Each structure stands twice: as C-alpha cells, then as structure tokens.
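**Student:** Here is what each chain is made of, one letter per residue.
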Amino acid sequence: GESVGLHLPTLSVQEGDNSIINCAYSNSASDYFIWYKQESGKGPQFIIDIRSNMDKRQGQRVTVLLNKTVKHLSLQIAATQPGDSAVYFCAEGGGATNKLIFGTGTLLAVQP
Amino acid sequence: NAGVTQTPKFQVLKTGQSMTLQCAQDMNHEYMSWYRQDPGMGLRLIHYSVGAGITDQGEVPNGYNVSRSTTEDFPLRLLSAAPSQTSVYFCASSLISGTADTQYFGPGTRLTVL
Numbered sequence: 015g016e017s018v019g020l021h022l023p024t025l026s027v028q029e030g031d032n033s034i035i036n037c038a039y040s041n042s043a044s045d046y047f048i049w050y051k052q053e054s055g056k057g058p059q060f061i062i063d064i065r066s067n068m069d070k071r072q073g074q075r076v077t078v079l080l081n082k083t084v085k086h087l088s089l090q091i092a093a094t095q096p097g098d099s100a101v102y103f104c105a106e107g108g109g110a111t112n113k114l115i116f117g118t119g120t121l122l123a124v125q126p
Numbered sequence: 559n560a561g562v563t564q565t566p567k568f569q570v571l572k573t574g575q576s577m578t579l580q581c582a583q584d585m586n587h588e589y590m591s592w593y594r595q596d597p598g599m600g601l602r603l604i605h606y607s608v609g610a611g612i613t614d615q616g617e618v619p620n621g622y623n624v625s626r627s628t629t630e631d632f633p634l635r636l637l638s639a640a641p642s643q644t645s646v647y648f649c650a651s652s653l654i655s656g657t658a659d660t661q662y663f664g665p666g667t668r669l670t671v672l
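Protein chains in written order, with our numbering: chain A, 15 to 126; chain B, 559 to 672.
These are calculated hints, taken from the structure and not from any lab test.
Hints may be right or wrong, so weigh each one.
As the list claims (entries may be wrong) - To list a few chain A residues with every Cβ distance to chain B over 12 Å, as calculated:
#	residue
1	Asn36
2	Ile62
3	Gln95
4	Lys113
5	Ile115
Said to hold, decoys possible - Facing chain B, according to a computed beta carbon distance under 7 Å, are these residues of chain A, among others:
#	residue
6	Tyr46
7	Ser54
8	Lys56
9	Gly57
10	Gly108
11	Asn112
12	Phe116
13	Gly117
For clarity, every value in this text was computed on a predicted model and none was experimentally measured.
Ideal Cβ placement from N, Cα and C applies to all residues, glycine included.
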C-alpha cells in the first residue's frame, strides 16, 4: 500500500549545527508534500510545503528538498536551536483530494 | 482568528459511554478532518468533510460518527467508547477542497477509555 516513512526515528544534534531530517514516500502520484513540527502536547504545526514541480523551497532557517527520482524528501534546519526540539512529520498528498498520508515522525533532540 | 479550536482538552470515559469531541474553525475553510494519533504511528484519518452537509469516511471510521451542519463546526461522536479508542484526536482544516493543500491542526483532545 501507499506509505510515507522516515529513515531516522531519532536525531540528536548540537545547538548551532544544521539538522537534516529525511523522508521516503512510495506513491509516485503524490504531488504535494508538507513538513509539520509537533511539540509535546500540541498539535502539528505547518513548517513548509513543496509541490512536485519544484525540487527545492526555502523558508526562514528551513529548506525542503524533493527528489522525485528516488521519491525522497528532506527537511534541513539551519543553526538548530533548542526550540527546534520536537517531532517532525512529513506528509504527502496528491490528485483531486485533500487526503494526506503522514509518516510516523522523527524526534529531533537539540543538545545545548 | 482563533484558528482551529478543540474541546475538551482531556476526557476520561468508561467503556460504553458516548461523547462528542468538538471542533471549530473561524477561517472559512471548506475542508475539515479528524485524525487520531497513537504512539509509534502516524496520524490516521477517521472522517473528513469537503463542505457543509458532506462527510466521508477515512482510514479508520469504525466507532465514530460525524456531521457538518455548518462550515465552522465538525463534531466527532463516539457512539459507545472502547479502550481501543484511547488516543489523541486532532481536528484539521484547509481552505480548498478537492486538492491537496496545507491542513491546519487544532491542539488536540486526549481521550482515555477505561
């Protein structure tokens, strides 16, 4: 079946370093991808999205890269801060539907 | 705008009890949905609605009912609670129906069924 998975369930980084969180997707028909951040006890918060006609999109301290050839998505966080500690989810969607398929999440732990 | 709001934040039920989880959004979004989140699993879609008067089943609809009488509200009803329904429930909404778009989430309701 269709699925979205993450390569690393836990990522530990030092404050100030760059973080890279990876995600693999299996549905080649997906044309929309989102990264969410979820802090403990809160709902998922939108970080950045990208459509399949792009391979890179930048936001404030975050960059999403899309490699459609290998069906891979990554989230790069520059100069990681303690406030970035959270679970990060990728999600994919496509076609004439609002339905999103979510990955299980990666826990990012930022060490001071 | 308050965004997506959910009540209650916490709830404990006994097996067999019924209750309604409330969800409201003030962004005039067409699309609303309910997810459950369980440890080690991604968000799973329970029910969704593409507009007032229209609802449909998601991935895990059994044991839940929904209705969409207004654009703003999308309540989720548990008909007869079971321990397997212990979970965190999130409501989400997005502006556009009929295409993949950013979904904005509420803060969640943590439900425990004893």
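**Student:** Each hint needs a verdict: does it hold in this structure or not?
**Tutor:** So, going through the hints one by one against the coordinates:
no.	hint	result
1	Asn36	15 Å, holds
2	Ile62	10 Å, violated
3	Gln95	22 Å, holds
4	Lys113	6 Å, violated
5	Ile115	8 Å, violated
6	Tyr46	4 Å, holds
7	Ser54	11 Å, violated
8	Lys56	6 Å, holds
9	Gly57	4 Å, holds
10	Gly108	6 Å, holds
11	Asn112	5 Å, holds
12	Phe116	4 Å, holds
13	Gly117	5 Å, holds
Hints 2, 4, 5 and 7 from the earlier list are contradicted by this structure; the remaining hints agree with it.
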